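Novice: Sequence:
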Amino acid sequence: MPELPEVETIVRGLRRKLIGKKIGPIRVLSRQVVVDPPRRFRQALQGAIIREIGRKGKFILIACDREVLLITHLRMTGQFLLVPREQAPDKHTHVIFDLEGDACQLRYRDVRKFGWLAIKNPEEGSRSLLEALGPDALEITAAAFFQGLRPKKRAIKSLLLDQTFLCGLGNIYVDESLYRAGIHPLTRADTLSREQALLLHRHIGQVLKQAIRAKGTTVSDYRGPEGIVGGFQRYLRVYDRTGEACEACGALIQKSRVGGRGTHTCPACQPLH
DNA sequence: ACTATCCCCTGACGGC
DNA sequence: TGCCGTCAGGGGATAG
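At position 173 of the first sequence (counting the first as 1) the number is 173 in my numbering, and the numbers step up by one without a gap.
Because the hints were derived from the structure by calculation, they are not lab data.
Given the structure is predicted, the values throughout are model-derived calculations rather than measurements.
A hint or two may mislead.
[Unchecked claim] Derived lysine to aspartate or glutamate pairs resembling EDC-like cross-links, with alpha carbons at most 20 angstroms apart:
1. Lys-56 - Asp-90
2. Lys-17 - Glu-226
3. Lys-113 - Glu-86
4. Lys-153 - Glu-131
5. Lys-21 - Glu-67
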């Protein structure tokens, strides 16, 4: 579900509400989504004060005092929601964090249960998962992006989805960026000209920033922490528009499969050479 | 180095 | 109404 703009929207929402809050009792309703043994998980976080909330790629990082770091990945359908405590949790709510002196609870909800939460010490946490990540899609420079493509023989789409190459992009924004840059998803990365690479880099940045401004894309499950849907689906030009006319040329948007993922292209605007 | 395939899980949707 | 196959914002494991 959530890619960089959705995760960024969630992080900003959580930050507004949670910084400085002390975590109260925690309920783990489904141990499957908690990486650590539930007892250890609860003991580490209960009583901790939330200091900073950030993200790296699609990972959400909640740093507390006592050197406790909560790392989360929402995968496809994970949600962090701020919910009034009197509201009964539904069957897809898996972890509930009480917040001292707050009418709302922080809840982790996840229909498909692919997402997870884990406790890490700041040092070891960044070593394992996060160190393997490539630069953030919003932070990489054009020059570094072009240099990164040059030795890669892979299809550009699978490279952009590879979080060890560049982190934050997912299926929606890769399709949208490639369309805007007029590049076919199967183009070998090392065959892109410098101009094409710079154009693609620029469109990636533009699409992500515009999507953050719109508070993300809601195709089905995505919600912000206050339960609101995103707005960027209005600006999608190829994703989820199979069979519709391309805005630029009128050709019909096609759907294919690249690297196992559903892939949307305009056959005229994104020629494969 | 890279691709393809299966898997984790639940729900929505289309065809019969 | 029900049953079956397919698909879904992700990514890890494994085989080729």
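Novice: Indicate, hint by hint, whether the structure satisfies it.
Specialist: Now for the hints, and whether the structure bears them out:
| no. | hint | result |
| --- | --- | --- |
| 1 | Lys-56 - Asp-90 | 29 angstroms, violated |
| 2 | Lys-17 - Glu-226 | 10 angstroms, holds |
| 3 | Lys-113 - Glu-86 | 24 angstroms, violated |
| 4 | Lys-153 - Glu-131 | 24 angstroms, violated |
| 5 | Lys-21 - Glu-67 | 16 angstroms, holds |
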